[in-house]
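Undergrad: Make the full structure from the sequences, and use the hints.
Those protein sequences? They're chains A and B, same order as listed. Using this note's numbering, the first residue of the first sequence is number 1, and each one after it goes up by one. Using this note's numbering, the first residue of the second sequence is number 1, and each one after it goes up by one.
Careful: at least some of the hints might be erroneous.
Example chain B residues on the side facing chain A (calculated, C-beta under 7 Å, incomplete) [what the hints assert, rightly or not]: (1) Phe127; (2) Ala130; (3) Thr132; (4) His146.
Calculated directly from the structure, the hints in this document are not laboratory data. Glycine included, every Cβ here is placed at the ideal spot set by N, Cα and C.
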Amino acid sequence: MAELLQYTITGLAVGMVYALIALGFALIWKSSSVANLALGQLVLISSWFTYSMLVQAKFPYWLGLPATILFAVFLGWAIERFTLRPLIAQPILAMITVTLGVAYFLEGVVTFVWPVSVASLPRFFPQEPVHIGSAVISQQYLWAAVISLILFGILSLFFKYHKMGVAMRATADDQMAVQACAIPVTSVFSTSWIFACVVAAIGGVLISSIAGIGNGLIETGLKSFSVVILGGLDSFIGCMVAGPIIGLCENLGGGYLTTIIGPGIKDIIPFIIIIIVMIIKPYGLFGETRIERI
Amino acid sequence: MDLPSGTRNYDYATDMAVLRTKTHWAFFIGFLIIVFTAPLYLRDNWLGIFNLIGITIIAVTGLNILVGYCGQLSIGHAGFMAVGAYTTGILTGSLGWPFLVGLLCAGLSAGLIGIIFGLPSVRVKGFYLAITTIAAQLIIIWIINHWTSVTGGFMGMNVPRASIGPLVFKSEASQFYLIMVIVAVCLLVAKNLARGRVGRAFIAVRDNDLAAEVMGINLLYYKLLAFFIGCFLAGIAGALLAHWTGFLNGENFTLTDSILYIGMVIIGGLGTTIGPIIGVVVIRLLQQGIIFISPFIENAIPALSTGFTTGLGPMVFGLVIILFLILEPRGLAHRWTLFKAAYRLWPFSY
Numbered sequence: 001m002a003e004l005l006q007y008t009i010t011g012l013a014v015g016m017v018y019a020l021i022a023l024g025f026a027l028i029w030k031s032s033s034v035a036n037l038a039l040g041q042l043v044l045i046s047s048w049f050t051y052s053m054l055v056q057a058k059f060p061y062w063l064g065l066p067a068t069i070l071f072a073v074f075l076g077w078a079i080e081r082f083t084l085r086p087l088i089a090q091p092i093l094a095m096i097t098v099t100l101g102v103a104y105f106l107e108g109v110v111t112f113v114w115p116v117s118v119a120s121l122p123r124f125f126p127q128e129p130v131h132i133g134s135a136v137i138s139q140q141y142l143w144a145a146v147i148s149l150i151l152f153g154i155l156s157l158f159f160k161y162h163k164m165g166v167a168m169r170a171t172a173d174d175q176m177a178v179q180a181c182a183i184p185v186t187s188v189f190s191t192s193w194i195f196a197c198v199v200a201a202i203g204g205v206l207i208s209s210i211a212g213i214g215n216g217l218i219e220t221g222l223k224s225f226s227v228v229i230l231g232g233l234d235s236f237i238g239c240m241v242a243g244p245i246i247g248l249c250e251n252l253g254g255g256y257l258t259t260i261i262g263p264g265i266k267d268i269i270p271f272i273i274i275i276i277v278m279i280i281k282p283y284g285l286f287g288e289t290r291i292e293r294i
Numbered sequence: 001m002d003l004p005s006g007t008r009n010y011d012y013a014t015d016m017a018v019l020r021t022k023t024h025w026a027f028f029i030g031f032l033i034i035v036f037t038a039p040l041y042l043r044d045n046w047l048g049i050f051n052l053i054g055i056t057i058i059a060v061t062g063l064n065i066l067v068g069y070c071g072q073l074s075i076g077h078a079g080f081m082a083v084g085a086y087t088t089g090i091l092t093g094s095l096g097w098p099f100l101v102g103l104l105c106a107g108l109s110a111g112l113i114g115i116i117f118g119l120p121s122v123r124v125k126g127f128y129l130a131i132t133t134i135a136a137q138l139i140i141i142w143i144i145n146h147w148t149s150v151t152g153g154f155m156g157m158n159v160p161r162a163s164i165g166p167l168v169f170k171s172e173a174s175q176f177y178l179i180m181v182i183v184a185v186c187l188l189v190a191k192n193l194a195r196g197r198v199g200r201a202f203i204a205v206r207d208n209d210l211a212a213e214v215m216g217i218n219l220l221y222y223k224l225l226a227f228f229i230g231c232f233l234a235g236i237a238g239a240l241l242a243h244w245t246g247f248l249n250g251e252n253f254t255l256t257d258s259i260l261y262i263g264m265v266i267i268g269g270l271g272t273t274i275g276p277i278i279g280v281v282v283i284r285l286l287q288q289g290i291i292f293i294s295p296f297i298e299n300a301i302p303a304l305s306t307g308f309t310t311g312l313g314p315m316v317f318g319l320v321i322i323l324f325l326i327l328e329p330r331g332l333a334h335r336w337t338l339f340k341a342a343y344r345l346w347p348f349s350y
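TA: Written out as structure tokens, the structure reads:
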């Protein structure tokens, strides 16, 4: 019983971080219908940047973490400005493959600048475990979940009330109408990329402060795709619901199926979920079903 | 524009012929002679590079049928290659079946797995399909790594050399002939497939699948057929790779490779027969160039980090993919057509 509770709470907390990273994907998809397949690499490179700031350059937290955010802002701006803006109105295939090119490039940059393959970040959160009922949970997971929830709240408020947030929602709805209202669509795109990169960076720092930095982070990014697929591509609520579900499945499956099927089953569960969702309900739980006309 | 002036069609057979003029034939025979005498004057390491190029051409031709003609994005092609490679590895290695049967079974099994993972393509497209194929890639490699009793797991498995009857393809040169013959057959099949009824249906599905369905093209059949053919060729390529290296491991078929194959199709030119050939040759030679040149750069500038050699490759390829998509989305094949047209009209500009 203690085991079950522990898997459940850890799964829910990890799922919240997945949801946060997935939110970055949904942001871009909603405003510009670009599928960002470089998510894992964005997570990886911003975690390594944090490592450089905090461990290699030995900056204090109040300087190092904002520096990471700034780096993410720059990264998001640069990717949008130099790779996606020239491709506006190109076929969807080009849009998807260009993010693959970005992914490949970022992976190269990571091996180039940080040749060591694994490292660990300093622990941001208190170490001593918490007892919930009969389960013993590491506090880091709970902190990560709380931070994700707070960020989700802030982003929701931003989209509801801030001028830019409203503009972004409007762009998602109808680009022509938005342009007619004198809203610069390009700056909306660029803002959505900046937001996505910042969110991915925060998610990456949260995950890698728990599990360390390594190429496994790319897989974390890929797992976030299962969150967007399950939740529906264009839904924030979908992300926040599907994230914990994926985390839960992953942890429960990893906990109970390992003895039956074999070690490592945990890593593959999100991808099996992708295939199942694709066959049964391809537009996800909250996604909008698109009806095409000729 | 396609043909030199003065080339006339007197019957349907000449109209459909691939090689039309005497110059075509001369170039073609000259090219064949150069290719098939290559083992006489190339050293073994260069032959090895060309073997790898040949194998990759087969795989990328399959991917081109799937992505370039039918418009179904697959980012799991290395995974389907792995299916073929392990099929032939198990059949010829553990069970002792003949090589040709193993090769055929490799193609068929990869095609069947391709159909299974291609099923969602009937309902979804674009990003959804991309994610499904990424998932396929990861699931396939995971199964290979963990089904230790059959595939050898992380330890890998040994594969015997290819052999037909008493003929064993042991040396690099003999394998070169084997691979090049299979490449030629695959390219011929791909070329004829693409300009026949099936290819036209694929192009209709790519350009607008709803309109194609209204015109009476069976979407389910043709999309799955594209997955089958694309993955069949991937399986053949994987099987040849297995016999060529003689050793298999999940590490040979990573997601990074799948992305690289997509990059090759784009750089070569989507939806052309010559595109995959150009793309593969350019990328593989670029890889060799980087391997060749990076020690010199490293020695010249000692301040560079140790990750320079491994990091340079992905950086260059990522950049090349991005630049091609932005500057020349029709790929090098388009440039090649432009060059041919200019060369025929020279010295006139129109």
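Undergrad: For every hint, state whether the structure bears it out.
TA: Status of each hint after checking the structure:
Because the beta carbon of B/Phe127 sits about 4 Å from the nearest beta carbon in chain A, less than 7 Å, this interface hint is met. Satisfaction of the interface hint for B/Ala130 is found here, the shortest Cβ-Cβ separation to chain A being roughly 6 Å, below the 7 Å cut-off. Contact between B/Thr132 and chain A, as hinted, is supported at the beta carbon level, the nearest pair being about 5 Å apart and thus within 7 Å. With its C-beta approaching chain A no nearer than about 5 Å, B/His146 sits inside the 7 Å limit, and its interface hint holds.
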